[in-house]
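S.K.: One letter stands for each residue in the lines below.
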Amino acid sequence: GWKRGSSFLPGIDVTDTKLSTSAFLLLHQARAERFFRSDHTNNWAVLVCTSRFWFNYRHVANTLSVYRSVKRLGIPDSHIVLMLADDMACNHRNPKPATVFSHKNMELNVYGDDVEVDYRGYEVTVENFLRVLTGRLPPSTPRSKRLLSDDHSNILIYLTGHGGNGFLKFQDSEEISNVELADAFEQMWQKRRYNELLFIIDTCQGASMYERFYSPNLMALASSQVGEDSLSHQPDLAIGVHLMDRYTFYLLEFLEDIHPASQANMNDLFKVCPKSQCVSTPGHRTDLFQRDPGSVLITDFFGSVRKVEITMETINLTPHTETALAYVDQLPVAQIIHQKPKQKDWHPPDGFILGLWTLILLVFFRTYGIKHLKHIF
Amino acid sequence: LSIRPVLSDPEKQRGRSAAVAIAALVIAAGIPLWWKTTETYRAWLPAARISELEALQLELRVEVEVVFARGTLSPEQQKKVPASRITYESCCKSKSLCLVEADHALHTLTETSCGSVVIYIIPEASALLPQDMRVYVGRSRTALLRSQVASVVGAGLPEVLAALDPQMEQVLQTMSFNHQDVTAALTDRLRPGLSTRDSLADSMRAFKSSPGYEITFSLLNPDPKHHQLHWDVEAALDAYIYPLLHKMAPVANFSVDSQILYYAVLGVNPRYDASASAYTLSADSLAHVINPVEARLGSNAASSNPVLNFLLYVPDSLHSPLIIRNDQKQEVASNAFHSPRWGGIMVYNVDGAYGNDTQFPVDIAIDMSRVMGVFLSQLRLMLGFQQTGAPPGFVLEAAGREGVAEWELDRLLWSRSVENVATASASITSLAQLLDQIANIVINDNIAQQVASAVTALQAAVAELEAGNLALALEHSREAISASERAFFDPSLLHLLYFPDDQKFAIYIPLFLPMCVPILLSLLKIFREVQQHRAEKRAKRD
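Respectively, the protein sequence lines represent chains A and B.
For the first sequence, the positions run 8 to 384 when the working numbering is used.
For the second sequence, the positions run 108 to 649 when the working numbering is used.
For reference, chain A alone in the conformation it holds in the complex (with noise of 0.2 Å):
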């Protein structure tokens, strides 16, 4: 026999790959290093509403947006799970029904024509949530309600609502603290679920949501540091209510001009809404990532730019004969099924019936007398 042994190390250590792996990727030569830019093979989106009642539009706004941008830059419906935790298009007091606007003067509508909202209402609760991240869901649960990322798949997630100093609320009823939000990540990363994961949250205190990661190859954004609020852009007299987050507008466009073969990057990203537009002072994370900033695409996460490879080796095959197919000779179909012939019901003769109640009235009038038969004619 031949014997060949092997041992493998179960763990993954961080801290000695980050100058192996940047010296690995700086080597650029012919198209074959497009292949290596990345690992990611494909793109998925996680975008969360969190707050219902119709003075929360923003949020919704918020998220249909990037949503919106999402899909234009090419993460296809399969691949990203909207959850809004209310209706706001067919909500009763919107004086515009069917549409959710992100400019004042009805500029853009962001709901469009081809939404497809994977969790409403109610079903947005964080346990939900935690379910789509870890994959713990029942096993009932539909293919478009899933999160089926592998270990080459780049995850934009984005939050918006009404959060605090470490927590985010859900539905005005519960919340989700910064700890469970790094337990979750530390699980997918546990089953390789994610290759890179760019969080942007866009909430109160929003710094706060990612104090506590501690997983490798997170990037987070969010829209404001622990102690301030996130303000809203501008309100709509028509609709009236506060359109869009000062965040995510200035974000929208931003992403606006991108487009799927754009090289913009990260830094760029950091740079959207300063605090002379925001008021408070976006804040990111780049510490547990292992590339450097400047060198991620935008249409990294955003958008999703397939790696393609020409097929060179082909097959040759000989055209298949068939061979002719023999059919038994068969009876027609009346031969086999022998049906009885229908049972006519039988009715009485016609007019007997009329005959039948002509004579029950005759009778009546015979033994009460006539005078009653003035009463029917």
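I should point out that these hints are in silico values taken from the structure, not numbers from a laboratory.
Honestly, I wouldn't trust all of these hints.
Unchecked claim - Per label pair, the in silico range of CB-to-CB distance:
id, chain 1, residue 1, chain 2, residue 2, range
1, B, Ser362, A, Met319, 21 to 31 Å
2, A, Gly301, B, Asp552, 48 to 58 Å
3, B, Tyr369, A, Asp94, 27 to 37 Å
4, A, Gln337, B, Asp552, 49 to 59 Å
5, B, Asp474, A, Gly301, 47 to 57 Å
6, B, Ile138, A, Glu134, 27 to 37 Å
7, B, Glu573, A, Thr293, 55 to 65 Å
8, A, Pro145, B, Tyr369, 35 to 45 Å
9, A, Gln337, B, Pro399, 40 to 50 Å
10, B, Ser362, A, Gln337, 30 to 40 Å
11, A, Glu134, B, Asp474, 48 to 58 Å
12, B, Ser362, A, Ser151, 16 to 26 Å
What the hints assert, rightly or not - To list a few chain B residues with every Cβ distance to chain A over 12 Å, as calculated:
id, residue
13, Ala125
14, Ala126
15, Ala176
16, His353
17, Tyr461
18, Asp464
19, Ile616
20, Ser629
Heads up, the beta-carbon is just placed ideally off N, CA and C, and yes, glycines get one too.
Given the coordinates of chain A, work out where chain B should sit on it, guided by the hints.
M.R.: Okay, now just chain B, sitting in the frame of chain A:
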């Protein structure tokens, strides 16, 4: 002037015994009851065996049978080797046919089990192999190796085998596995930078091990007014694709379906090239073709298996013919491209089938053998059969109609078994760690059972790999991985029970403090009275 109620001694005694009794009840019965009722049910997990898995060392064993042909060994060496009489003679007309026939005849002589290899050593001067080729690898698990061992004069059998070692090792690295394959199968568990570029590309291209795959063949007809396409996909699948999928039945389940999409366009506008008088798609624009089409493809909502899509695109009459150009602006022979972990697209031009003045729509029958040839090679790449890179001096017989040679399948089975074992053990150890860390997650009986069966299957798989039984090892590794996935992704393991300490205090203090304070104070009072009483007694004695 405060009036204190004066209690007589027996009343005091009764009071004291009541307080002590209540305190005893609370401590003896209340605390254990509270602990038991707030405990979470945790079934027993085999923690010792799981911790063994962390330090798992895999040993892979390949059974090799070496057969010496006549003329390779000297007579004295021949005496030491157990001999069996096998004669093969034939007269063949052409060299290449000779090899295939020889391979086929040798294959029928010995029965090879999954994972084993038979190497036939033929004399140096043999005319069976072309002059510059040393090794021929056939379609089944046999290889012909041309070697000069009779020159090692007076050597015994061990020396002969040792002389053949490097060549045989090279053969085995091609036919079974080598270091790159094993590291590629374990890429998730290793530090990045250890695997080479080629193996990284291979691991990114092929799908990860999964219990099932869905394959969808789609015909895209953007121009039904002009082209009426007929493709006999069922017969083509029966003839070309199903043999490969049947061979891969031990690896995974496959479900195949097909569809025709009308008015489906590519998202990219092809450019007209006057020199080739055809429309061209450059390699750069191919990356943007897939996304607009994918939205219309659809998939089976009931399963969560990975989907492979194979699209056949027939360009509309305005944009025919459409050719794909690679980076060097050369035409691609197959006119097809594929995307890792997604599938492939082939462009099939039908402009040659009709002239300008035919009546539209034209009936066109698609040549399925050509199409399936391309799809079959793309399917092989997606499923994990690497592009054959034969070492110098090797001749590898192409798989041809069957889709895959048996040794190629063995190669895949080796890497899949290793991958399954690695993934399953990582899942189990990480699950055990998670359950350990979070003290109040409920562990149901079914999870404990899945974990136990996964651990058993893992140990069986490792034992079979050591013994060299590849088929059994793969079966056990599949069991292990499905049990571990079911245990890890069980819906009941959701940890929503993160209680920070201040919240725990906030819940328990209003409940227990009003009850415990009187008990404690009365116990303190009793204790102080007893001490006072003892002090008085001592003073009285003195």
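S.K.: Against the range 55 to 65 Å, how does the distance between the Cβ atoms of Glu573(B) and Thr293(A) compare: consistent or not?
M.R.: violated, 45 Å
S.K.: Decide, holds or violated, for the assertion that all CB atoms of chain A are farther than 12 Å from the CB of Ser629(B).
M.R.: Label holds. Min Cβ-Cβ 40 Å, cutoff 12 Å.
S.K.: A range of 48 to 58 Å was offered for this pair. Does it hold for the Cβ distance of Gly301(A) and Asp552(B)?
M.R.: Roughly 52 Å apart at Cβ, these two residues keep to the hinted range, so it holds.
S.K.: Taking the CB of Tyr369(B) and the CB of Asp94(A), does the distance hold inside 27 to 37 Å?
M.R.: holds, 34 Å
S.K.: Minimum Cβ separation between Ala126(B) and chain A greater than 12 Å?
M.R.: holds, 42 Å
S.K.: For Ala125(B), is the shortest CB-to-CB distance to chain A above 12 Å, so the non-interface label stands?
M.R.: holds, 45 Å
S.K.: Classify the label on His353(B) as holds or violated, using whether its beta-carbon is more than 12 Å from each beta-carbon of chain A.
M.R.: holds, 16 Å
S.K.: So is Ala176(B) really clear of chain A, every C-beta pair being over 12 Å apart?
M.R.: Ala176(B) is indeed farther than 12 Å from all Cβ atoms of chain A, at 20 Å.
S.K.: Range hint 48 to 58 Å: satisfied by the CB atoms of Glu134(A) and Asp474(B)?
M.R.: 54 Å Cβ-Cβ, so the 48 to 58 Å window holds.
S.K.: Just want to verify: Ile616(B) was marked as not at the interface with chain A; is every Cβ pair farther apart than 12 Å?
M.R.: holds, 21 Å
S.K.: With 49 to 59 Å as the target window, see if Gln337(A) and Asp552(B) comply at their CB atoms.
M.R.: Since the Cβ atoms of Gln337(A) and Asp552(B) sit about 56 Å apart, the hinted range of 49 to 59 Å holds.
S.K.: Between Ser362(B) and Ser151(A), is the Cβ distance one that fits in 16 to 26 Å?
M.R.: holds, 18 Å
This entry does not satisfy hint 7, going by the numbered hints stated previously; all others are met.
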